[in-house]
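Please build the complex by placing chain B on the supplied structure of chain A, with the hints as guidance.
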Amino acid sequence: MTDSRGDAVTDSRGDAVTDRRGDGRSATRVMVVDDHPIWRDGVARDLGERGFEVVATAVDGAAALRIIAAVRPDVVLMDLHFGSAGPSGADTTRCIIDRWPDIKVLVLSASGAHADVLAAVQGGASGYLMKSASLDELVDAVRRTAEGDAVFTAGLAGLLLGEYRRMALDRERDAPRLTERETEVLRQVAIGHTARQIAEALVISHRTVENHVQSTLRKLQLHNRVELARYAIEHGLTQ
Amino acid sequence: MAAGTTDIMTPLWRGVVVFRAITAAFAIIAITVHHDGFARPVLGWVALAGIAVWTVLICLAYSYDPTRRLQMIVIDLLVTLTLMGSSALVLSTEQLTEVAQRTPLLTTVWASGPVVAAAVHSGRVAGALFGVAVAVVDVWARGFFTIDLARDAILLVGTGFVLGLAATAARRASEQLRRLTRAEAATAERERLARSIHDSVVQVLARVRARADQLDGEAGELARLAGEQEIALRCLFAATPPGATGEQDLAGALRLLASSRVEVSVPATAVPLPTADVDELVAVTREALANTARHGGPEAKSWVLVEDLGAEVVLTVRDDGPGVDSGQLVGAQCAGRMGVSGSIRGRVADLGATLTLDTGPGRGTEWEVRLARARPGVAR
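In the order they appear, the protein sequences are chains A and B.
Each residue of the first sequence is one higher than the last, beginning at 483 in the numbering used here.
Each residue of the second sequence is one higher than the last, beginning at 45 in the numbering used here.
Hint data in this document are derived by calculation from the structure and do not stem from the laboratory.
Being a predicted model, the structure only gives us computed values, none of them experimental.
The C-beta atom is built at its ideal place from N, Cα and C for all residues, glycine as well.
Among these hints, one or two may not hold up.
[Said to hold, decoys possible] Some chain B residues close to chain A (C-beta under 8 Å, calculated; not the full set):
(1) R251
(2) S309
(3) P311
(4) W347
[Stated by the list, open to error] Restraint-style ranges between C-beta atoms, simulated for each label pair:
(5) V245/B to R700/A: 29 to 39 Å
(6) R407/B to R548/A: 49 to 59 Å
(7) P405/B to R532/A: 36 to 46 Å
Bound-form chain A, shown alone:
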């Protein structure tokens, strides 16, 4: 697997289906979608060394959608920007979550393009990690994503807070609102407090903190789906 840019357009030579079943059935199955070879192969190797089963890599969203049904990963590590034309990381995330709701998508982005990260999260991604995160952080994030938790970084909390506030300021129709408690929890996450610290400060259980955090994400994703459906009906896009 060498460079990807040309391959991604002409053919998907970068899509390597590595099925290593037999010895690692119980391992979390991961698919890595990234147009940059250094990342794609490096992350795949790192995760493989840490006991994950990297079942496939893809050079872009289109390639990922072609092979995902065949490889059925538990977690997709999704880059947001691909050099090729075709669906972006956010679009691909939406497609995957729509068709295979049990597959989890974790966005791994190098870009500071916050609007794209937000779009991916609204489209159903379980969380996002900067590419500059350490391997330990990445491993932890993939594990938690596989378990169904949201990977909540300070950056993501700031993004969600911003989005809820934007919807409130724009008086968006039927926009979800945060409860005071949820706002407080999100703010605490955004300034670097751990779930344990927040639980102590607010005198609630660790699980309750997690629930609040998950709820802020779910409400936003649900709202996004409702908005898309309404848009489709209003514009006659439904079958």
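Frame of chain A, contents of chain B only:
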């Protein structure tokens, strides 16, 4: 004169030249018509020739020399006034005094040429002053003052003033357009560069950074340094440059401060504030971060959070360092040692914002700055 302003000024100067030529033709016809009554007919022909030659020369000069126009306009004014003043010698006493019958001076409307040129070149003040000069010579040549001459004077001065206003406005509009065009081109180029660098350098650096914690010794240190560059590059391209509106995106400006020890959380949409306010808030954040770096120990991390509540913007800077006993802070201020607390307080007070400091031994330090905004939710 800059290239962009010549673009808009060229048609104006063309107008000056055409106006000069038409008024010259009118003056020549007027002199021919009134020639019979002249006191000094020969001098009349000389003046006619002077008007014709000077018109050709000055029109050529205005058309082809875009650099030394101020001197040319002054010379133009002097030549025109001389020709105008010569009317006192050429015209007969009857012609000079019978203003009601309207025997014009030799130069007639041609004399307004320098007024128009000065207005186009230097604006309303120059236009009006040149108008005054021509009006004064007009009155001097006649040797008396009537309501008709007053009307001519007002027309001259008014024309210079209004045309000067228009020329200045046109020049400003053209400069603004040029600035906007350039800013747009710069933005497009920046986006192109950002895409290209994101697809290459940033990816590699991010990868190096992600591996840093598995490498020991110098290799690990180098990898960490490379990682810092990745954050710096990414933030550099994410930040928006100050716009032409005098507003800047606080979120973009603060993201430049991100590093491996500083995490910056911002909304996905811009947080526009006046550029001066953004500069001050960034300075406040820098001071708080520097304070953490000084007193928080090598492992202390900081978080910066920006929230846009519409009517106000909230900036929170927190670290997980050892924190400070609030008594110590007050003590430091009372002892006259301003320190970081005083400096931040001063800046925040100058901004008209409110500051809350939450700290205590073992609790880290949290600064919260709330800045009220006059116009909520612009540039969304």
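Structure-based check of each hint:
For R251/B, the suggested interface contact is upheld, since its CB lies about 5 Å from the closest CB of chain A, less than 8 Å. Because the beta carbon of S309/B sits about 3 Å from the nearest beta carbon in chain A, less than 8 Å, this interface hint is met. Checking P311/B against chain A: minimum C-beta separation of about 2 Å stays under 8 Å; hint holds. A hinted interface residue such as W347/B counts as satisfied when its beta carbon comes closer than 8 Å to some beta carbon of chain A; here the least separation is about 4 Å, so the hint holds.
Checking the proposed 29 to 39 Å range against V245/B and R700/A shows it holds: the Cβ atoms sit about 37 Å from each other. Here the CB-CB span from R407/B to R548/A is close to 52 Å, well matched to the stated 49 to 59 Å. Our hint of 36 to 46 Å for P405/B and R532/A holds, since their Cβ atoms are close to 39 Å apart.
Of the numbered hints given earlier, the model fails none.
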